[in-house]
Amino acid sequence: MIEKRTVIKGTPIAGGIALGQARILVPGRADIPEFSITSAGVKSEIAALERAVEKTVAELRQLRDSAGKKVGGAVAKIFEAQLLIASDFEFLNRVKSEISTLRRNAGSIYNSLVHETVNPLRSSADPYMRQMAQDVEAVAKKVLSHLIGRNQALGKLAANTILVGKSFTPGDILVYRQRRAIGFVSSEGGADSHMALIARGLMLPVAVADSVWTRIPDGCRLILNGSAGTIIIHPSEEDWQEYQRLKKRHGPALIRRIRKLPQIPPLTKDGKEIEIGANLSLPGPADDILSERKVPVGLYRTEFLFLAQSSFPDEETQYKYYDQIAEKFAGTSVVLRTFDLGYDKLSPDTVWTNEDNPALGWRGIRPMLEMKNVFKTQIRAILRASTRRNIKILLPMITELSEVEKARRMISQVKFKLRQEGIDFDADIEVGIMIEVPSAAMTAETLATKVDFMSIGTNDLTQYTLAADRMNSRIAYLYNSFHPAVLNLIKMTIDAGRKRGIPVTICGEVAGDLLGLPLFLGMGIDMLSVHPGRIVDLCRTIRKIDSNLVELMVPSVLSSGSPSAVISKLERFQAAVNETRN
Amino acid sequence: MITATVRIINKLGLHARPSAMLVTATSAWQSEVFFTKENVRVNGKSIMGVMMLAAEKGSEIIVEVDGPDEEEALEAICKVIRSGFNETD
Chain Z
7 MIEKRTVIKG TPIAGGIALG QARILVPGRA DIPEFSITSA GVKSEIAALE RAVEKTVAEL
67 RQLRDSAGKK VGGAVAKIFE AQLLIASDFE FLNRVKSEIS TLRRNAGSIY NSLVHETVNP
127 LRSSADPYMR QMAQDVEAVA KKVLSHLIGR NQALGKLAAN TILVGKSFTP GDILVYRQRR
187 AIGFVSSEGG ADSHMALIAR GLMLPVAVAD SVWTRIPDGC RLILNGSAGT IIIHPSEEDW
247 QEYQRLKKRH GPALIRRIRK LPQIPPLTKD GKEIEIGANL SLPGPADDIL SERKVPVGLY
307 RTEFLFLAQS SFPDEETQYK YYDQIAEKFA GTSVVLRTFD LGYDKLSPDT VWTNEDNPAL
367 GWRGIRPMLE MKNVFKTQIR AILRASTRRN IKILLPMITE LSEVEKARRM ISQVKFKLRQ
427 EGIDFDADIE VGIMIEVPSA AMTAETLATK VDFMSIGTND LTQYTLAADR MNSRIAYLYN
487 SFHPAVLNLI KMTIDAGRKR GIPVTICGEV AGDLLGLPLF LGMGIDMLSV HPGRIVDLCR
547 TIRKIDSNLV ELMVPSVLSS GSPSAVISKL ERFQAAVNET RN
Chain D
1302 MITATVRIIN KLGLHARPSA MLVTATSAWQ SEVFFTKENV RVNGKSIMGV MMLAAEKGSE
1362 IIVEVDGPDE EEALEAICKV IRSGFNETD
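Just so you know, the protein sequences line up as chains Z and D, in that order. No gaps in the numbering here: position 99 of the first sequence is 105 in my numbering, and each next residue is one more. No gaps in the numbering here: position 59 of the second sequence is 1360 in my numbering, and each next residue is one more.
FYI, nobody ran anything at the bench for these hints, they're computed from the structure. Quantities reported herein were computed from a predicted structural model and do not represent experimental measurements. All C-beta atoms in this analysis are idealised placements derived from N, C-alpha and C, irrespective of residue type, glycine included. Please note that the accuracy of each hint is not assured.
[As the list claims (entries may be wrong)] Heads up, simulated DSSO-like pairs for lysine-lysine below, C-alpha to C-alpha not over 27 Å straight-line:
no.: 1; chain 1: D; residue 1: LYS1380; chain 2: Z; residue 2: LYS83
no.: 2; chain 1: D; residue 1: LYS1380; chain 2: Z; residue 2: LYS147
no.: 3; chain 1: Z; residue 1: LYS505; chain 2: Z; residue 2: LYS456
no.: 4; chain 1: Z; residue 1: LYS49; chain 2: Z; residue 2: LYS83
no.: 5; chain 1: Z; residue 1: LYS266; chain 2: Z; residue 2: LYS550
no.: 6; chain 1: D; residue 1: LYS1358; chain 2: Z; residue 2: LYS83
no.: 7; chain 1: D; residue 1: LYS1312; chain 2: Z; residue 2: LYS83
no.: 8; chain 1: Z; residue 1: LYS147; chain 2: Z; residue 2: LYS172
no.: 9; chain 1: Z; residue 1: LYS412; chain 2: Z; residue 2: LYS382
no.: 10; chain 1: Z; residue 1: LYS412; chain 2: Z; residue 2: LYS423
[Said to hold, decoys possible] Computed footprint of chain D on chain Z; a stretch qualifies when at least three of its residues, placed anywhere within it, have a C-beta under 8 Å from a C-beta of chain D:
no.: 11; segment: 86-93
no.: 12; segment: 113-127
no.: 13; segment: 131-143
Use the sequences and the hints to build the structure in full.
So, in structure tokens, the structure goes:
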């Protein structure tokens, strides 16, 4: 544990500054709520504890019996010990007596007494003693999960809490934001992870640093600079004041930046118009100004509505939500992407089954085509919200034509039903697909005949083309959207769109990268959809670029052998552009 | 109340499995059982208590038995500990 002022240089993931105190989330241990109870509540807390213990004992008996049958006595003995731990009357009596004397909830008392017991064992040099601690913790986890239920296992957070943990799912970010967490320090997750996307969308600072949760003491003062990736543990008074000033200056930076947005459409030096759109996940502070400036929403990730809840939202809930979005952006258009659910967006305790290879598994459009009711409910809600004629539908993670056909058939069925019921909707609603699997990029010309637009998701396209998991920091050096293979697939998709006369958008992180901008303009991209914070810079840079000139650089860049070769060519070009301006 | 001092002789000390055996042994008797190691005194019928002793090989434990069947209980409990919990390795 770090005891004195220490600065850790981590990776910046989501910008912003937070000053507060650390709350450590130990992985595998549910965060236990702690609250006072009345004298009348003592009895029900004790009864709840007894029920939780009974359930745990029953579970362990089952485990012991099946282990005995399958693997023999030695393994069954482990559960024998755990059974004794679970039903230890002396220990349970201590818990019960503290519940009535301290008047606190059963979960918090049980949890703290378990830790009291286990802590000396955990620090023992003897591995068998440490193993014993794990046995006790395994039992405690079971009892506590019965006692509090999974969804409530988070508790209230103190004001100005910065959460420090091993990893956070996008769902975690949402739930903790509702509990007023002001920032996150994680040991895992890249700048392209969904956790990062949503944190940026919510303007919550995030930094990633290796095994940081094991080093920061719980409750210590902490400064988090998500823009630089810096974490200051036990900051000095000077640090505190300095960062408070910085925070004030950089506060609502996003909104201020967007206010600078030119009100004329972004044009290249030679007068070609490029659409610049915004990627959104949730209603946010920038919505009003985006709507006022008529910035189209190139990608609205609807699954984030789902992530805040533990089940699929019903039609009415969804309709209200989409209708509000359609109304808010009445002067422009919104591309609603249907639920894109997958391993990296779900918290571990949702219904999803464990897969050996989840990135290549049941995700994106795949579960939606199987869970027809969920998909049709969403389509129905979207169609009902389309009466202003400003909504488009985007289907995620298409791999082959049959998926497009299936999805379109279901959309037609929903439209038919709505017509029968006399409910108004946009009959000509545009349907597009995400190009984020190499197979889709390579067959884009065929796919393009069945859709109204295509949108390239470069984050997944990069991960699938390079076989590099974007959540895995160990192989982060491989993950690079400027890899010539990725760029060739992007070019293929843009060419296919041109040939079939439908527009193509890039909506991944790389779309906001000024270095890549001339290249994408040269390829003939129609629209770039980016995080709202990137829009101003993109619009400014586009004005300096001659679209005829950049077209000439494309073949040379695409024939590069490595991302670094691509980047150095793009950097040379960027320098040349900046020079001609001066 | 009667007491005896015994040494933990099994190689791995009072880890989970021996603790479980010991608690099963103490719980069979009506008498109350306490173990003391270096000023830590715990209920001998509580596995969490026994675990908290973190008694490694070679450590000495005071067994304290109090109740109607204390003599037989003390003898039986000491026997279990001295047997090394049938640890074969």
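Status of the hints after comparison with the structure:
no., hint, in the structure
1, D:LYS1380 x Z:LYS83, "holds (21 Å)"
2, D:LYS1380 x Z:LYS147, "violated (35 Å)"
3, Z:LYS505 x Z:LYS456, "holds (13 Å)"
4, Z:LYS49 x Z:LYS83, "violated (34 Å)"
5, Z:LYS266 x Z:LYS550, "holds (17 Å)"
6, D:LYS1358 x Z:LYS83, "holds (21 Å)"
7, D:LYS1312 x Z:LYS83, "holds (18 Å)"
8, Z:LYS147 x Z:LYS172, "holds (18 Å)"
9, Z:LYS412 x Z:LYS382, "holds (12 Å)"
10, Z:LYS412 x Z:LYS423, "holds (17 Å)"
11, 86-93, "holds (count 4)"
12, 113-127, "holds (count 3)"
13, 131-143, "holds (count 7)"
Violated hints, listed in ascending order, are 2, 4; each of the other numbered hints is respected by the structure.
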